[in-house]
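Chemist: One letter stands for each residue in the lines below.
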Amino acid sequence: MSTDCVSVTIDGCTIEVPKGTTIIEAAKQAGVLVPHYCYHPSLPSPAVCRMCLVEVEKAPKLLPACVTAVADGQVVHVHSPSAEKARESVLEFLLINHPLDCPICDQAGECELQDYVFYEGRSGTRYGDYPKRFNPVEVFGPDVLYVPNRCILCTRCVRFMDSVADAPVLNVSERGDRAFIGIDPDHALDHPWAGNVVDLCPVGSLISQDFLHKARAWDLDTTASICSGCSQGCNVMIDTRDDVVVRIRPRANLEVNRHFMCDHGRMHYRWMNRGDRTEAPLVREGDRLRATDWETALEHLAKSLGDAGPDVVLLASANVSTEGLGLLKRLVGDTALATTVLVPSGPEEPLVGIPDLALRAERVANASGARLLGYDTDWKAATGNLSRAKRVVLVDLPLDAELQRLLDESHARVVVLGTVDESWSEAVDLVLPMSSLVEEDGTFINRDGRVQRFQAAKGAPGMARPAWWVAAAAWARHAPDRTAEETAAEAFLTVASQVPSLDGITHGTLGFGGRRVVAAGAVG
Amino acid sequence: MGYPHPIHSSETPVLSTHFGDAPARTVAGWQERGGYAALKAALAMAPTEIIDTVKASGLRGRGGAGFPTGLKWSFMPTGDGKPHYLVCNADESEPGTFKDREIMRWTPHALIEGCAIASYAIGAEQCYIYIRGEFTEPWSIMEAAVAEAYAEGVLGDHAMGSKHRIDMVLHRGAGAYICGEETALMNSLEGKRGNPRIKPPFPAQAGLFGRPTTINNVETLAAVPHILTRGAEWYAGLCAGNKKSTGTKLISVCGHVMKPGNYELTMGTAMSELIFDMCGGMRPGRTLKAVIPGGSSVPILNAAEADTCILDYEGVVEAGSMLGSGGMIVMDDSTDMVYEIYRLAKFYAHESCAQCTQCREGTAWTTKILARILAGKGTVEDLDLLLDLADNMTGKTICVLSDSCAAPVVSGIKKFRNEFDDYLTAKKAPVLVGI
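These protein sequence lines map, in sequence, to chains A and B. Here the first sequence stands for residues 129 to 652, where the numbers follow the numbering used here. Here the second sequence stands for residues 67 to 501, where the numbers follow the numbering used here.
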């Protein structure tokens, strides 16, 4: 045993953990859940809920597992009669003033009070017919509602705003059983990261107005994904109900976003449910675009690019997956006039309590991936090339007035890979329906050079296909010896084999924690 | 002297010698009465010498816990290069206790001198005195005394003309009982909500502003100059009972005795002597029913236990309670014990800081059950419930406020069960209505 480690036995399981580890964290490693409310691994521990009291042999009293460091040779009992009685009593105390309104509470199904009462609580009440504490619902900020009657005063929200967001607008007001979470009367809970208090709240006391009564937790399908709101690459979970995205929550990744995400990313999901999608390939026939099948469309694409030779400009969104960008680049070839991604920007909003976590100025997810693959980000230079181009390939770009004007001025014919149906101009020859990033598997590379996977959270509409699939299929048509990639994982292998820093990495080895492949700043 | 009653012949006046003696409130007056000689001597001693003297005197914390004072001082690190702080806990809010108030009212310089000696002994140049918000008169007296001490050179950059800096700041609380708990007091001093902190770290490691801090009660600090002047042996000799309890203790007696007030006793004096001799006994025609010996937080003693109780740390524990702060509440046979316990529980429910679940919810729930019993709507099961709640509230929280609410409930039901039964069986008419 190393001198920096201690050996501890928790519920019969002996493990070695680094010195200074708390019992609650050591217990996790021993596979034992110590029920808790106020403890959160990304917040300071006040040990106030008293839920995590455990029995430690030779200690005169039960000890709070969240603040007690393990000692060598310690024997801890999480499920001894005295510890269980203490927890049962905490649950009883918490419930005497907690309304039993689970049927109308958004938290039901993912509520830690519900869960622990189910595991270890009493089946009946001893409180009798005393009235419960009542306070009216309060609007704390643009999205956050406070339902004080459900509050168990764990103070996670207060501590988040104090020590993580450094915007101390919440407090505990009043004393005794009259206590509630108060808000500074001169401020609202409108910090760019304030939405995290909703995730932190273990019960349904702080809830999102955006999600209010939208779905029950048990009706949701949850998918691991990456936020596309900026280049930070926060790990997220996308919750869908019947193929409609209803909520985005942070997914813990201690090396990227810990347990948090910003409100920009959280609210950045309505576009995922757009109904005005382009659902079938369209080819130009005289003055109109006619729906066709993929075979015909791919034939047109291959021919169109073949005719243009090197006079091609590829303009793409930097929210296209690494797989898509890589195979598109292969499709247009190294001789293309320009391969450029659009990188919109906005003000940076840091979460000061967590190092290296901010809503970044680059408001797209894969600009670093694009740079690594040799894409340019100089939009002006790229659009300057349009006059010389015979073909322009647009990938998932909004066709705004400026871009429309540039296309009109050039004499190039345009091929569109898009998600949204637009009124296509005369210049557009071919429209290929593309799946959005929530409808496909793929990877992004964040600003720190970290490759991270995302998965399809919902089905793509109609005949829409991932960009990498379109690029692979069209590329294979150029020569009989070429074989198109058939999965995102295969597409990634192809791309990785062309980029030294990605060599040897596969979707399988990446898992869902991601891996840093280039030094921070190298591609940022 | 003596205030409000003349000093009784069985008392041992040390701290209370000058109670009622208004001229002792000035620096000159205090010096005429022998004051500030101890501070002068102390500043010429090595800090460890002072700590050893206090250790030898056997002085123990007078705020309630009875922790040996010299030992507490010796926990302060030396040579750590960090600022140290001395905090004087003058937030005397324990129901039934009013001894620190008298020390500050009559002998403010005794406290200032004690604080200055202690500051020097623990390596602190800064001392904070946290005074209970409701103490308006002691506040203004202390404020004037500290100002004069600065003006006379007792405090400041060269305390008593020495090369040592001793600064003293008075801070007035805002009226929360919990701020008398030492870690809550430090939070309050730092400008935060007065919530008790988790220990460890203990104040001697990371206290006020995260620095090594010693926190002592007013009475403890006021005794220090006397120990230095008259010697540890003299102080240790003031002992009529267990050898571990030395010196004198101010007992604040209130309730149904003829002469309530502060009485300064040699440790080990019998409680019966205090009540029946010094305090003039019970009111005419009444008999003793119960005593809460150490402020409202300790278990209640019945008459028989009170009769044989010896007033020192060990003696009161033997009788089944604690010496606590020395706030003694004496109750005669006219007292309704159920109502008394209800009143105590209501106090704790009101003062709970709301951090720990058991305390926040348990104190209020306990109060509701007791109110229901007093309203004639209680059941026998309510007593079992009260005892189970008390068990769930004891030893499970950050500070002992929750335990303090549980202690009178448990001892009350155990010792005065018949009075609860009278309400439960409707033998006694309800005293609370509308519950």
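These aren't lab readings, by the way, just hints derived from the structure by calculation. Watch out, some of these pointers could steer you wrong.
Unchecked claim - Restraint-style ranges between C-beta atoms, simulated for each label pair:
{"id": "1", "chain 1": "A", "residue 1": "133", "chain 2": "B", "residue 2": "443", "range": "55 to 65 Å"}
{"id": "2", "chain 1": "B", "residue 1": "265", "chain 2": "A", "residue 2": "250", "range": "30 to 40 Å"}
{"id": "3", "chain 1": "B", "residue 1": "494", "chain 2": "A", "residue 2": "262", "range": "48 to 58 Å"}
Claimed, not checked - Among the chain A residues that face chain B by a calculated CB cut under 10 Å, a handful are:
{"id": "4", "residue": "212"}
{"id": "5", "residue": "231"}
{"id": "6", "residue": "281"}
{"id": "7", "residue": "516"}
{"id": "8", "residue": "518"}
Please read these numbers as outputs of a predicted model, since none were measured by experiment. Backbone N, C-alpha and C fix where the C-beta goes; we use that ideal spot for every residue, glycine too.
Chemist: To test your reading of the hints: which numbers does this structure violate?
Modeler: 3, 4, 5, 7, 8
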